[in-house]
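Asker: Work out the full structure: start from the sequences and follow the hints.
Below are the chains, spelled out letter by letter.
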Amino acid sequence: MLDLKQVLKVIIDAKLELGEKFMPAKYFFLLRRALAIVLGVLLLVGFAGWFYPLPLFDLQLVPLLQSLSLSFTTLACLLVGVVVVLTLLFGRIYCSTLCPLGLLQELLLFLYHPLFHRFKKKSSGNFYQKHYAWHYVLAALLLGAMLGGTALLVRMFDPYSIFGNAASKARFGLAVVMILAVVVFFRKRFFCVNICPVGAVLGWLSRFALFKIHFAADGCVKCGMCARHCPSGSIDYVNQSINNETCVRCLRCLVPCRKGSIIGASVQPKPEIPFSPARRRLLISAAVLGAFAGAFKAGASISQMVAQKVKRVIVPAGAKNYRDFANRCLNCNLCVGNCPMKIIKKADSEYPAVHIDYGENFCKYDCCKCSQVCPSGAIRKIPLSEKQNTQIAVAVVDEDRCIGCGLCVRECPRSVISKDEEKAMVDASECIGCGVCASVCPVKAINIYPVEEQRFM
Amino acid sequence: MNRREFLMSTLAVFAMSALPKLTFGETIAVSDALKAKINPANKLGFGFMRLPLKNPDDQTSINYDLLNQMVDKFMERGFTYFDTAWMYMGYESEVAIRKAVVERHPRESFTVASKLPAGYLKSAAEQEEVFNKQLEKTGLKYFDYYMIHNVNADTIEKIRKYKSFDFIKEKKKQGLVKNIGFSFHDSPELLEEVIKENPDLDFVQLQINYVDWDNVSIQSRKCYEIAVKYNLPVVVMEPVKGGSLAQVPPSVEKIFRNAEPNMSPASWAIRYAASLEGVMMVLSGMTTMEQLEDNTSYMQNFKPLSAEENKVIESALKELHASIAIPCTACRYCVEYCPMKIDIPAMFALYNAEKQEDSAKPFTIQRVYYGNLIKRSTKSSACLHCHACEKHCPQHIKISDWMKEVAKTFEA
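Chain order of the listed sequences is S and V. Mapped onto the working numbering, the consecutive letters of the first sequence carry residue numbers 1 to 457. Mapped onto the working numbering, the consecutive letters of the second sequence carry residue numbers 1 to 412.
Treat the hints as calculated values from the structure; they're not laboratory data. Be a bit skeptical, because a hint or two may be false.
As the list claims (entries may be wrong) - In silico DSSO-like links for lysine-lysine, alpha-carbon gap of 30 Å or less:
| # | chain 1 | residue 1 | chain 2 | residue 2 |
| --- | --- | --- | --- | --- |
| 1 | V | Lys122 | S | Lys309 |
| 2 | S | Lys311 | V | Lys408 |
| 3 | V | Lys161 | S | Lys309 |
Please read these numbers as outputs of a predicted model, since none were measured by experiment.
Answerer: This is the structure:
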């Protein structure tokens, strides 16, 4: 029978040889880094709201999984497929090239590099990063709770949420990034190896990856340069083995190897590290499954508790209601940066997720950018026509204050305000609560109240 | 109009006029198994929650001279069922059972029902403590009927946590309780949920009277139908709605007296509840000898309401409804438009029921229902007065203004 792996190996080895002749191994790294820089810039301008490369944010795994669990769309399925196939081909390349926090860590490592030379020269002994089993349990807990109903926990660990939070200068994100900066200095990508829930999922998947990094059969002189440069500490150069589960495929190891004995892309005949004996593996799997099931159940009750407690606020159109939204929003603050009217505010002590504040401005009638950018499904992707017909709040005229100037009547984009006996009257069942009227009212006679449940009319 | 059209419309008019009759009264068939559990000759229970007092300001100053006479008369006329609970009469009701019934009559001649105050307990262990104290207070070796008191959306969490149903089932196994059940004041959905969770119960205690039968908020009919569906005999509480159906407006009383000059309005209410085939017992909290004599007189040789008598109640109910405050028909068109998701028809139904009762009362059962309602719906005081609902109300009710009144009545 034809062995697919063998066939692929022959093809790839042949190409690789061609590639080797065509360009040295380290250019693979440089190519990837160039890609990473481009993506990093795109991510930054995306968070700043200048330009948003849609698929990049939609590809982020945690928001993607949540949006899939909330509404099963073809696009979301396709994107999950892309991530899975990418990982099954190239391992955790997502972590080094697509993940914003991964890119940030790469930048930090780049900046720290001269410092490492000065301070850590002597500690050349152990670069190998231990990969703890609780990493999987943590991921199971966080993702279980998320699928169970609340993203409140996962967003504290999800690299995308942390990065977005920090990029919008929110306190939580900045604090985590600062801690991360210290951790990176001492333990490099400790976060990716032992904490990140996305890393756990993709790491497990990359066990089965087609292309793996491994030592060539001959040529290695055990100089340890590859291990020294490996950001995730995946290389045990003494035993010539590479932990492909923690390796983020940054290809950094290819650069310093003068002998060319680390091979970037090849079909592995068998996994390099025999991860654990069967019994241990069984115990871990049981713990992971147990944690997932427990967290799934707990997530449902936590989400209800949160829903009971949160303050009533206005949430963007497509978010259904403020109770669910508090549980679903990942606080990446992408919508905060992208809102042209800057009415979406970051989470504060009163409400644990982003929310609308009409203090200075109103919601533009022909804009639904927040719903377009949100990758997590917390704000559903709705067309403009739906947004224009979705009631997110309701305007109520204070008749004692109204002077009957008629400004609101003129400005209302839906023409639902009329003047009756010299006082403004809002047809509250047609009002979508965009807040234009309140912002133009010279005597502040219009109050905008959040609705209990958004209504599409 | 040709002949065909004429016939069709006549038929339609007949069908329409038959519709209210179809919806009033009993609609669900009671199985023979359930009928076998019920003795139609003994359907009146003595509720020990409105006992005669020596000092009207002190709930515990029970007038035993009168109570003993009342109990004797009650039993003399062939009735046996006494209903008490942990908290009634300032925790004295169970003692009154001992003094007036247990110590004065042989054990076989009466049955006693008491209740586990699950909502008031602070731990699962307290159940055992309270139960033993109840036996001690009543001086009984066993209860004939024992139920979990006031199961609702709020208390059910605690009841599940403390495994109260398992507790009473255990007591039944030990022979300390003969029949188990629960008393209930919430939605039919929850009732069905609880019955499904505990299939081996013997009875349920429900609030049933002709006013609440189709009240959209109290939903007596649906609750009753669920009990019948699961073959559970029903013990009726509040048949005269806390006395308010004994003191009906004069126009309503006139209807009753015209039909039957010697029958009190209360008798109609109690007979209405007792006429339901699935009802095993109708509880009445009797305070005076007159009440007791009146109740026992028509329950002694109880005859279910006849078709004509049902019509009398129907017209009395119409008259009662004519005097109601808010003419809401519970079409629920408004509900969709309410930005605060207030259950407007349910609020109005409770308000109407409240207004039909004596306004001087410090506590009414509607307040209990309101407390349960605002766990499912937003409370009435949250109304923004945005008037979104009013545009869609076919009855043109000034909902926003009424909502202020509802909030004032139930949340003050």
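Asker: Compare the distance between the alpha carbons of lysine 122(V) and lysine 309(S) with 30 Å, and conclude whether the hinted pair is satisfied.
Answerer: holds (23 Å)
Asker: Keeping to a limit of 30 Å between CA atoms, is the pair of lysine 161(V) and lysine 309(S) held or broken?
Answerer: holds (22 Å)
Asker: Between the alpha carbons of lysine 311(S) and lysine 408(V), is the straight-line distance 30 Å or under?
Answerer: Satisfied, since the Cα-Cα distance of roughly 24 Å is no more than 30 Å.
No hint from the list above goes unmet by this structure.
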